[in-house]
Structures are given as C-alpha cells and as structure tokens.
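Asks: Since the structure of chain A is provided, determine the placement of chain B on it from the hints.
There are 2 protein chains.
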Amino acid sequence: MSHTLVPSDRVEHVNVYGRNGTKLGSIERLMLDKLTGTVAYAVIKTGGMLSTHHHYPIKWSALKYDPERLAYEAEATLEELQTGPCEFDGDEFDWGDRSRSYTHPNYWAV
Amino acid sequence: MSHTLVPSDRVEHVNVYGRNGTKLGSIERLMLDKLTGTVAYAVIKTGGMLSTHHHYPIKWSALKYDPERLAYEAEATLEELQTGPCEFDGDEFDWGDRSRSYTHPNYWAV
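For the record, the sequence lines run as chains A and B. Position 16 of the first sequence, counting from 1, maps to 16 under full-length UniProt numbering, and the rest follow consecutively. Position 74 of the second sequence, counting from 1, maps to 74 under full-length UniProt numbering, and the rest follow consecutively.
The following block holds chain A by itself, in its conformation from the complex (with noise of 0.2 Å):
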C-alpha cells in the first residue's frame, strides 16, 4: 500500500545523491519548526575526507526518494549546495537564525 507518511527515523542517515548522480553524501537531521511543525530543512552531511564533514541544508521539496536506490535524489548538485550556507564539523553555526539573509534557493522553506 501507498503512504503518505514517513518515520523521521526512516529519513535519517539515508543516502542522498545529486541531480547529476553523484553521491552528496546523508540526511543527518530534519531541522523543525517548532511552532508548525514543519521541515524547514534537512541537512546533509557529506562523506568526508580526513575525517572531517561539511553538513549542508536542503530544503525537504527537493528532496526525492527513490524507492530502487533506497536513497534520496536531490534537486541539486554538490557545487549548488556549495554556494549556500554550509557548517564544518564542530562549528557554532546557528542553524536556526533567521535573521540570517541566506537567499539560497535549497535553504529554509518555512
């Protein structure tokens, strides 16, 4: 049977790939609305090297699961991504400020 739901700990730590199917790495965490209980964004964090991760929100609309990979297919590429908000391992970004004037297009859809 079709749902139209999905356990959060069904999204978490799956994988998600780009529009041009490279591997950007997996959802960490949905970030809430406390108020509306909305998506306003998951965030991936990518695969690594040395140890180290970038962690990069994306907005939930563009997020596509693909029931053969068992993976997400992002409406993006790593390199769009990577011209918006991005937080290395261990940084204090504050995820949830909105005074911040992100205007990326895969940021914050509350």
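It should be emphasised that the hints constitute simulated quantities derived from the structure, not laboratory data. Treat the hints with caution; some may be incorrect.
With a Cα cut of at most 20 Å, we get these calculated PhoX-like pairs of lysine-lysine [as the list claims (entries may be wrong)]:
#1 A:K64 with B:K34
#2 B:K64 with B:K34
#3 A:K23 with A:K64
#4 A:K45 with A:K64
#5 B:K64 with A:K34
#6 A:K34 with B:K34
Replies: Frame of chain A; chain B shown alone:
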C-alpha cells in the same frame, strides 16, 4: 539565543509527561507528510509492562517542551490517548492510512 527550530534527533527519545504530570513514555518517532514535510503526528512509546509497549499518536501542537524537565509535556492524559488509535509491539498497524476515520483530537494534524 532562542531558537525557532529543533533537530529531529533531539526530539526522538525525549520523555513525555501527561497534562496531569504522569509520565506517558517517550517520543519514538515523528510521522512526516511526504509532500509537505509537516509532522502529521509524533508516536509516543509507553514504558511498557512485561516488555511490551503501547504506541500512541499525538499531534505536534499538543506537545510543549519543558526546558526544566528536559521533556515534553502533552496536552493530554494517558486516559485520553487510550480513547484514540493505539498500536502494540509488532502490530501491522498502517500509520499512514488516511482513510481511517479516526476523529481523535490528538491524531493527525496535516
């Protein structure tokens, strides 16, 4: 700084107390609407007797985080939840079936 966002993996496994102060259990997962990325409901897993658990849906707006207890307070009691849908461990309950005609006030907020 006050945030308007909360990470999904900081919601999961957090304890939930009822309106009357009784512990209901913990948040097992969030059920998200695939299309809109909105939380349809959270699933509360009860503490369980004889190693069995009940799983109750509760809408997001009925959960309020209490930073002093590091727990959610639900606008419902266990008795109220028990009047709505419930799953036991191993049940093949279809949590995404919108055709079910539950009209419970704490179920399904999308």
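Asks: Determine for every hint whether it applies to the structure shown.
Replies: Evaluation of the provided hints:
At roughly 9 Å between alpha-carbon atoms, A:K64 and B:K34 fall within 20 Å of each other, so this suggested pair holds. For the proposed pair B:K64 and B:K34, the alpha carbon gap of about 24 Å is over 20 Å, so the pair is violated. Straight-line distance between C-alpha atoms of A:K23 and A:K64 comes to about 14 Å, which keeps the hinted pair within the 20 Å bound. Distance check on the hinted pair: A:K45 and A:K64 sit about 17 Å apart at the alpha-carbon level, within 20 Å; holds.
The straight-line distance between the Cα atoms of B:K64 and A:K34 is roughly 9 Å, inside the 20 Å bound, and the hint therefore holds. Between A:K34 and B:K34 the alpha-carbon distance is near 18 Å, which keeps this suggested pair within the 20 Å criterion.
Consistency note: the structure conflicts with earlier hint 2 alone.
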